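Enquirer: With the sequences and hints as input, model every part of the structure.
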Amino acid sequence: MIHELDLGTLGLDRGGHLLVQRGLAPLSPGDRLRVYGADPHLHVHLGAWTRAHGLAVEPLEGPVGRSNNGAPLVAVIVAGDLVRRRWAGAERTGSAQAVAESDVVERPPSHWGLAARGARIEAGAPSFEFTLSDKAVVWADEAARLYAQAAAAQWDPETAIDWGAEFTLPVEVEDAVVQVMTYLIENETAALIVPARFLGRLHPHFREVMQLLAIQAADEARHIEVFTRRALLRRSELGLSTSGGQASLKTLLDEPDFALASFLLSVLGEGSFLSLLWFLREHGPDPVTRAVATLTAQDEARHVAFGLAHLKRHASLDPGLRPRLAQAIERRHSTLEHTSGLNEEVFDALVLLAAGSWAPDAIARGYESVGRLKQEMDEGRRLRLERLGFAPVEAASLSAMHTRNFM
Amino acid sequence: MRKQQTLVLGAVAYDPKVVTIWNGFRDYFAERELAFDYMLFSNYETQVEAHLAGYFDVAWNSPLAWIEAQRASRKLRRSCSAIAMRDTDQNLTSVIVVQAASPFREIGDLRGKRVAVGASDSPQATLIPLEHFAAHGLRPGVDFEVVRHDLLVGLHGDHIGGEREAARALMSGSVDAACMIDGNHLLFGQEGTMPAGSTRVLAQTDRYDHCNFTILDGAPTRLVERFEALLLAMDYGDPAVRPLMDLEGLKAWRPGRVEGYALLERAVDRFETLAPWLAELNSGAA
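Chains as they are written, first to last, in my numbering: chain A, 1 to 407; chain B, 1 to 286.
One thing to keep in mind: the hints can contain errors.
Computed Cβ-Cβ distance ranges for the label pairs, DEER-style [what the hints assert, rightly or not]:
id : chain 1 : residue 1 : chain 2 : residue 2 : range
1  : A       : T9        : B       : V142      : 37 to 43 Å
2  : B       : L76       : A       : A56       : 37 to 43 Å
3  : B       : G197      : A       : T189      : 36 to 42 Å
Examples of chain B residues toward chain A, derived with CB under 10 Å [as the list claims (entries may be wrong)]:
id : residue
4  : D87
5  : Q90
6  : T93
7  : H185
8  : Q204
9  : D238
10 : R242
11 : L250
For the record, the hints were derived by calculation from the structure and aren't laboratory data. Please read these numbers as outputs of a predicted model, since none were measured by experiment. C-beta atoms are modelled at their ideal positions from N, C-alpha and C, and glycine is treated no differently.
Expert: As structure tokens, this is what we get:
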């Protein structure tokens, strides 16, 4: 069949090739596209363009034809099938919206790579090394909702906290705040690096999980910022970092298994941290510390929720997961058995911070509060372990083995 | 002595991607039980000489290198043939371009003017356009000034740099006309080197062909036949092969033909382009 295209004065050097491609797209191989146009270079450019695109051009014979608009006939292109052949083996990579179970596949192939989930990809794409590519291990139906919540709940450290709020603290109470902040920064650094590392290994097919891990890392970046700012509000130097504290956090970074690392960090570590931040929200001696704790706790709650959600799903599909989780706690416990756990300075700082002064009564109250905090942390851990299917007795014993460093 | 179970190709390393390309071909052939390897050269003259000396079996030759191989083998009482070429290497043209607002209307208007060309050994940006001038009565260097852009001589214009420099010279007004392959006129327009509408094609050469796979007499017949058959069987619809074809810039391989080199042969004869090299080759062979 013969089809016609009038480019008017448009040349191929100004986008005319788009119209030629559009004209050729619906044609069957062997069909002819008569191209008319008044651009002076159209003949030269069509020759080069068709050659580069593997298209044949018929020689023009007889008097030059003209379009209805008077543009001369420049070329007769013979439609080919290269475009169709290019896309013949293309495949659809699941569905963009994760509604039905099958929209997100169980094991996306490595050659789906960076393609958007739901895109149609050309056959022959290169393979990518995304080692976290098992839906059973990484997926949670709640991921999309949690991501949306996280995106909506982002706060600007500059404006969300009144950094100029007036307060005066006794020198040593301020020192205690600085020590606690120093400890929080160190822990949040681990909480940033762990998901960020898995993010680089996660198959992008699990888009919502990828987004959630990314925003989780961004949350931690912001937490590090606000803890640092609070620490430096009245001081020029930070507090102490102990070998035992770092040894505890190092076990999180050393864990290569997503489920186990996520369990230790999000469910147990950040879960315990949530209690600590609530404690600071309540007992923080100044409005800035309380505001910082309030905002960061909101974010941490989401991190815990995602950890619980994907591990719960994972455990329901893999009966072997729970024993592995238990072993991970035991292994970490034995690794850290001979370290000091929570540094004394942090513990003492928490007591003083809750006490607000050196008065013996106040110290007694502070000490009691920190004791209650540890109890709440333990209760929280047991509750979350039970939600993952551990029996209450087992949950209690596992919780007791959690690192004394809290995270 | 080379093992003759392996077909060895000679190619010029005009760009780092050349290694990727021939490694890809090596894998493609290996999967189809043709042992294949390649040698890289920094310029076509050394490659042609090495081919004649028997270092390898098949040359990936520029059109000028093809003529070099043809003339040298003739002098040495040998023979050569072109066995395959890219579809995109057939029916090229070059154009002579002036600024759109210039007064030049025909090629004769460039008498006494300055004309930018590419590298001195570029068929598409220098030799063939200058032949076009000469065929229309304008002797290069006599009736008009030739402004060369000798980037990477020895690569026979495979590198686009010389043509781009010629185009820039035209846009800057330092020359009155510039010569380039038709596809680069489109490319330079699209990328803005010569904005659309800023230039006018004053003349277009006749059609000519570009690179080919060249063999000399005595090439290992069975291996060459297998090589040729596997090349022609490369299918753009095959996703395993398509990236390689895209990289090499073709949609299909075609059997070799030599009639498309007539224009370049006329240029080479007229300008005695190969005389010094052939003379030296002769003395070396003697």
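Enquirer: Next, verify each hint and record whether it holds.
Expert: Hints, one by one, checked against the model:
In this structure, T9 (chain A) and V142 (chain B) meet the distance hint of 37 to 43 Å, their C-beta atoms being roughly 39 Å apart. The hinted range of 37 to 43 Å is satisfied by L76 (chain B) and A56 (chain A), whose Cβ atoms lie roughly 39 Å apart. Our hint of 36 to 42 Å for G197 (chain B) and T189 (chain A) is violated, since their Cβ atoms are close to 57 Å apart. A least Cβ separation of about 6 Å between D87 (chain B) and chain A falls short of the 10 Å threshold, and the interface hint therefore holds.
Taken as an interface hint, Q90 (chain B) checks out: its beta carbon lies about 8 Å from the nearest beta carbon of chain A, inside 10 Å. At its closest, the beta carbon of T93 (chain B) sits 7 Å from a beta carbon of chain A; the interface hint therefore holds under the 10 Å criterion. Given the 10 Å rule on beta carbons, the hint for H185 (chain B) holds: about 6 Å separates it from the nearest Cβ of chain A. At its closest, the beta carbon of Q204 (chain B) sits 6 Å from a beta carbon of chain A; the interface hint therefore holds under the 10 Å criterion.
The interface hint given for D238 (chain B) is met, as the beta carbon of that residue sits about 8 Å from the closest beta carbon of chain A, less than 10 Å. The closest approach between the C-beta of R242 (chain B) and any C-beta of chain A is roughly 6 Å, which is under the 10 Å cut-off, so the hint is satisfied. Interface hint status for L250 (chain B): upheld, as the beta-carbon distance to the closest one in chain A is roughly 8 Å, under 10 Å.
Violated hints amount to a single one, hint 3; each of the other numbered hints is respected by the structure.
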